[in-house]
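K.L.:
Chains as they are written, first to last, in this note's numbering: chain A, 13 to 662; chain B, 13 to 662.
The set of hints was computed from the structure by calculation and includes no laboratory data. Source: prediction; values computed, not measured. Warning: the hint list may mix true and false statements.
If several chains are the same, the list does not tell them apart, and a pair holds so long as it fits within one copy or across any two.
Said to hold, decoys possible - DMTMM-like mimics (lysine to aspartate or glutamate), calculated; alpha carbons at most 25 Å apart, straight line:
#: 1; residue 1: Lys60; residue 2: Glu116
#: 2; residue 1: Lys627; residue 2: Glu615
#: 3; residue 1: Lys627; residue 2: Glu520
#: 4; residue 1: Lys441; residue 2: Asp566
#: 5; residue 1: Lys627; residue 2: Asp370
#: 6; residue 1: Lys572; residue 2: Glu520
#: 7; residue 1: Lys572; residue 2: Asp370
#: 8; residue 1: Lys571; residue 2: Glu582
#: 9; residue 1: Lys571; residue 2: Asp590
#: 10; residue 1: Lys571; residue 2: Asp521
#: 11; residue 1: Lys572; residue 2: Asp590
#: 12; residue 1: Lys380; residue 2: Asp566
#: 13; residue 1: Lys511; residue 2: Asp370
#: 14; residue 1: Lys380; residue 2: Glu280
There are 2 protein chains.
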Amino acid sequence: MTMSVVEHEANLSLIYREANYRPGRSWRTWLIGRPLATADAAHQAIGKFVGLAVFSSDAMSSVAYGPQELMLVLAAAGAAGLNYAVPLAIGIVALLTILTLSYEQTIHAYPGGGGAYIVARDNLGELPAQIAGAALLTDYILTVAVSISSGVAQITSAFPHLYAYRVEIAVVLVVLIMTINLRGVKESGAIFAAPTYFFLGMAFLTVIVGLARYLTGNLGMVPNPPELELMHGAQGLTLFLLLRAFASGTTSLTGVEAISNGIPAFREPRSRNAGRTLIWMSFILGSLLLGITFLAHQTGAVPSDSGETVISQLARTAYGTRGAIYLATIVSTTLILIMAANTSFADFPRLSALAAADGFLPRQLTYKGSRLVFSRGIMALAGIAALLIIGFKASVSALIPLYAVGVFLSFTLSQTGMARRWWRAGHLKPGDEVAGHGSTLRYEPGWQTKLVVNAIGAACTLIVMIVFAVTKFSGGAWIIVVLVPTLVLIFFRIHAHYKHLARQLSLEDYGAAPRMRRHRVILPIGGVHRGSLAALSYATALSEDVTAVYVALDPAEAKKVQDRWETWGEGVRLIVLDSPYRLLIEPLLAYIDQIDAQRQSNETITIVVPQFVPKHWWSNALHTQTALTLRTALMFRRGIVITNVPYQVD
Amino acid sequence: MTMSVVEHEANLSLIYREANYRPGRSWRTWLIGRPLATADAAHQAIGKFVGLAVFSSDAMSSVAYGPQELMLVLAAAGAAGLNYAVPLAIGIVALLTILTLSYEQTIHAYPGGGGAYIVARDNLGELPAQIAGAALLTDYILTVAVSISSGVAQITSAFPHLYAYRVEIAVVLVVLIMTINLRGVKESGAIFAAPTYFFLGMAFLTVIVGLARYLTGNLGMVPNPPELELMHGAQGLTLFLLLRAFASGTTSLTGVEAISNGIPAFREPRSRNAGRTLIWMSFILGSLLLGITFLAHQTGAVPSDSGETVISQLARTAYGTRGAIYLATIVSTTLILIMAANTSFADFPRLSALAAADGFLPRQLTYKGSRLVFSRGIMALAGIAALLIIGFKASVSALIPLYAVGVFLSFTLSQTGMARRWWRAGHLKPGDEVAGHGSTLRYEPGWQTKLVVNAIGAACTLIVMIVFAVTKFSGGAWIIVVLVPTLVLIFFRIHAHYKHLARQLSLEDYGAAPRMRRHRVILPIGGVHRGSLAALSYATALSEDVTAVYVALDPAEAKKVQDRWETWGEGVRLIVLDSPYRLLIEPLLAYIDQIDAQRQSNETITIVVPQFVPKHWWSNALHTQTALTLRTALMFRRGIVITNVPYQVD
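Bound-form chain A, shown alone:
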């Protein structure tokens, strides 16, 4: 009314930079740190040293339970079974080598982050990508549950009377790690670097001391080992048993893919830094795996689920004491296990944000919180993992069968995708380029070798996955076999919803917004007073077609309202709804329904609701919240606009 069309257009492209708003200090600031501006994002990148700590704690820590779970299966066949521990460990390290070579190629091909999800999407299509996504997300959750449970098992090895509180301790730890991660990746990297290197130091020390004493012939056996508990009763030494043991042992390989997902967190040159970090990690992991399995076998360590851990038995045998150095080993193992969960906290939110950006998960997951991390993903992960821990009573052996099917499924899809990529690259002319989702495809010299490497990787991981799914099926792997397809189905339904919505809201083939021809205004009043008259004045400014509505609980009161309206109602018609059952909202809704049914096309109905705004919050209790109830009831009605006109008392 005061601004001309020319002024409008002059203002059209104005960028309004908000200078007034500064985030306040609150309990959230105290807990997770001051908010970070979007422009600060680049400073959050990490180097190889911190990168190894952030992305490898999952893989590294699995030496604490991998060999033990392997031996636990073999122990069912007695000493003859346990003799296979070292050969099986060598097989696992061979698999690790293949995986590392495969993933090193992936990292260079996908410098923007090359997790199984992206690689499958780029090379295999939408369905394999969503299968990989579902498998990985499931696996990240299980990583948190397994590592935390195993960390708590270390604690209860040293302090057996804490065994009764293992679930509570585990849940508290999950919440703690969640909070650390909500502060942001760089700070959590610093927090995690020290314990990771502490663990590596102690683990190598234990292995080296053990080997030295073995070579000098004075290592001896574990004194007072825990009693042998058989998971499935005494069994013969069958191929099935060996395969199951191998499958249990491969849980040590989970986490190898973490770096390929996390490339964007690395400092430039990202691919190079990430690749080097991967090779270092695999080398360390392989040595520890072999060393620990060999020494455990030599010292006759007894695998146990609820008793002392193999690591604990090994450390006290190697050091020949339960002194400070033994305790340091246990403490460092506990720390790495607890913090292994951190790898999932780095990857789960990133992957879910990726899938959400593609429209397969709720969009809210793409939202970066005040500390530039995907805070909703972090909280979702913590919540689900805590539920799992509670459900499985923090038992590592109960959780292990669920683990690794997902991760090997994603390994297979990723390697298959890479193999297909090299095939396509080999058939391009040099100089041609094909744009993909996360990288550009070019002719690659030596593509045949790369194809073979990834194809072998795909074949091996496929075999391991099948072995795992079959041998652990009844033990819990069936849950994952059911869950992954279900998740994929849900992802596609979510995708269909967003696609449908986008089509419906699209402005293609959209002429102009339909003009409002008729505007009907309904004004429910609870009496005739300054508040309702203010709403009346607003309503009459909206349209000439205003109807005031009063619900009569008491005929005498209704008569009074009518008389007063005659004086103050400005000639607007008043409809009195008789309410024999003393209900307020229901007759009003029935009336609105009736008006709505008569509505013509291009007619808009607006309900103008006078809303009392009390000065003190407590006075809310002294008023029926009719406006609120009405709004809730009408909120989701199509084509009915609801307007609240507040009136306040000083």
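With chain A's structure known, arrange chain B on it following the hints.
P.N.:
Same frame as chain A, but now just chain B:
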């Protein structure tokens, strides 16, 4: 736009009788019965027979704990103390007689319901009335807690192993009585008549059999009485002890005022019916009180808080057996005690509705539910009483000290008010009339006698109240001494709020509603699509001064929105708010604050919020509820109108 002013006026007085709306069947219908229309109210009145049951169960049932609590105090002074039981009981019956005479006069003077609240209001003023109200409401709550706890004590006398579950049983019973009362007074009257008369029959039978055996000399002593437990250790027989015992005994008189509060529930002639019912009730109560105390003393019954009740000991001594007739006595006593709480459920909601109508309690309490009862008052009473029972672990002796101070305070105020009334009536000229709150004041022949009766009543109840407050102060009466003034303070604050509000909303000295001079419309958009364009079309129909606002989390996205707005925005200016901390709501609120600060008088600001309405409830999880959050944040802003324009997808 389509209706002329003439049509408006023709429609002005149209009464629209709602014929379409019929209340549906639901779980509420199943629980509390079909809704009753307001016109059905008259049919709910009750006669003397049902009235005695509804309003006297409180008073009657107190014979089950009054004598016991009296003896419990006396027992501290041994056999010498217990010798005073019968004389003290005679004193209590004398007090009952005075009270009955006083209240009989009140009932006839206040045929519309003459509780202490109304009488004090009419004759003494607002402050005494509110004190009486606070005292009575407190007392009704305590009645529920004490009777239910005492009823449960009867059950645990017969089944001692249920003692551990007494709190749970008591709470379930409270909920049960609440539900019965939510069905409405007539039906609950029918439900309560049978047990009341069953109890009266059994109680008189026990007393008569006991007296007959006493007179024939073969009553004997209680076999195996419970062990004596001293509440305050062994004490000398002091006046203080006797007064405390008397005070404990007077808890039997609570409930005498119930009928005077409930007169409107009686059938016409109300006063006459109510008066007769009162006299009958007092006669029955007095006889039982004396009979039970006398027999308990003769048989050497031992009062006990957590062991067997006096009634139980008396019944098995009188009948000489623990057979069917003993069990019938216990069952009937239990029933009457549990149902005694019903008197409070009849009176508390009525009194609170009365106080609410006067503006001293939240107005919602005046609202009659679908079954024509004050449902909110009923639920409030049940809730608070349940909390009390839980807090005091359902112990009668712990609750007794809180009891009766309130009721005797209200007795005193009521009788003082009546005395003042007769004084005023006596000084009117015959034929003169003075209109009061609940009755009309006329000259009354014989006013002197009536004045003396009520004055004696006032004096006696005042003394008892002081005795009670002093002797039970440290035992718990202090809670009431603190609570009642606090409640009165709260009542007056509520009253001030309503008075202030009425003044502020009053149309006196109100010229005309201020015309809206400028109308500024702000349209927050999350993107440019059919939904936001529908809201834009609505916004431009409201005013020419429309500003669209977009919060930019990502500069690239913001650029896209700006470009699209250039095409589709109909020349409306778009303001882009930069949000460096990736917050959505906060920058918007800061912007609105800024606009609000520049607002001129007579300018209205409307925020038009496009609101996505999903087809399935579950798809809500896939959208950020920005519209909802924004509404909540702005709801209570003065002078800012909020409009939701829904857009829905098929």
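K.L.:
Quick one: Lys627 to Glu615, C-alpha cut-off 25 Å, is that within a copy, between copies, both, or neither?
P.N.:
between (37 Å within a copy, 22 Å between copies)
K.L.:
Reference check for the pair Lys380 and Asp566, CA-CA at most 25 Å: within, between, both, or neither?
P.N.:
between (55 Å within a copy, 11 Å between copies)
K.L.:
Should Lys571 paired with Asp521 be assigned to within, between, both, or neither, using CA atoms and 25 Å as the limit?
P.N.:
between (54 Å within a copy, 23 Å between copies)
K.L.:
Which holds for Lys511 with Asp370 at a C-alpha limit of 25 Å: within a copy, between copies, both or neither?
P.N.:
Within one copy only: 10 Å inside a chain, 58 Å across chains, cut-off 25 Å.
K.L.:
For Lys572 vs Asp370, is the C-alpha pair at or below 25 Å within one copy, between two copies, both, or neither?
P.N.:
between (61 Å within a copy, 18 Å between copies)
K.L.:
Within a copy, between copies, both or neither: which one fits Lys60 and Glu116 at a CA-CA cutoff of 25 Å?
P.N.:
For Lys60 and Glu116, only the intra-copy Cα distance (15 Å) is at most 25 Å; the inter-copy one is 94 Å.
K.L.:
Is it within, between, both or neither when you check Lys572 against Glu520 at 25 Å Cα-Cα?
P.N.:
between (55 Å within a copy, 16 Å between copies)
K.L.:
For Lys571 and Asp590, with the copy left unspecified, which applies at a CA distance of at most 25 Å: within, between, both, or neither?
P.N.:
within (12 Å within a copy, 55 Å between copies)
K.L.:
For the identical chains here, do Lys571 and Glu582 meet the 25 Å Cα criterion within one copy, between copies, both, or neither?
P.N.:
within (18 Å within a copy, 48 Å between copies)
K.L.:
What label fits Lys572 with Asp590 when the C-alpha limit is 25 Å: within, between, both, or neither?
P.N.:
Classified as within: same-chain Cα gap 14 Å, cross-chain 53 Å, threshold 25 Å.
K.L.:
Checking an output row: Lys380 and Glu280, CA cutoff 25 Å. Within, between, both or neither?
P.N.:
Only inside one copy: Lys380 and Glu280 sit 22 Å apart there, 73 Å across copies, limit 25 Å.
K.L.:
Measure nothing new, just compare the shortest in-copy and cross-copy C-alpha distances for Lys441 and Asp566 to 25 Å and report within, between, both or neither.
P.N.:
neither (87 Å within a copy, 38 Å between copies)
Hint 4 from the earlier list is the only one contradicted by this structure; the remaining hints agree with it.
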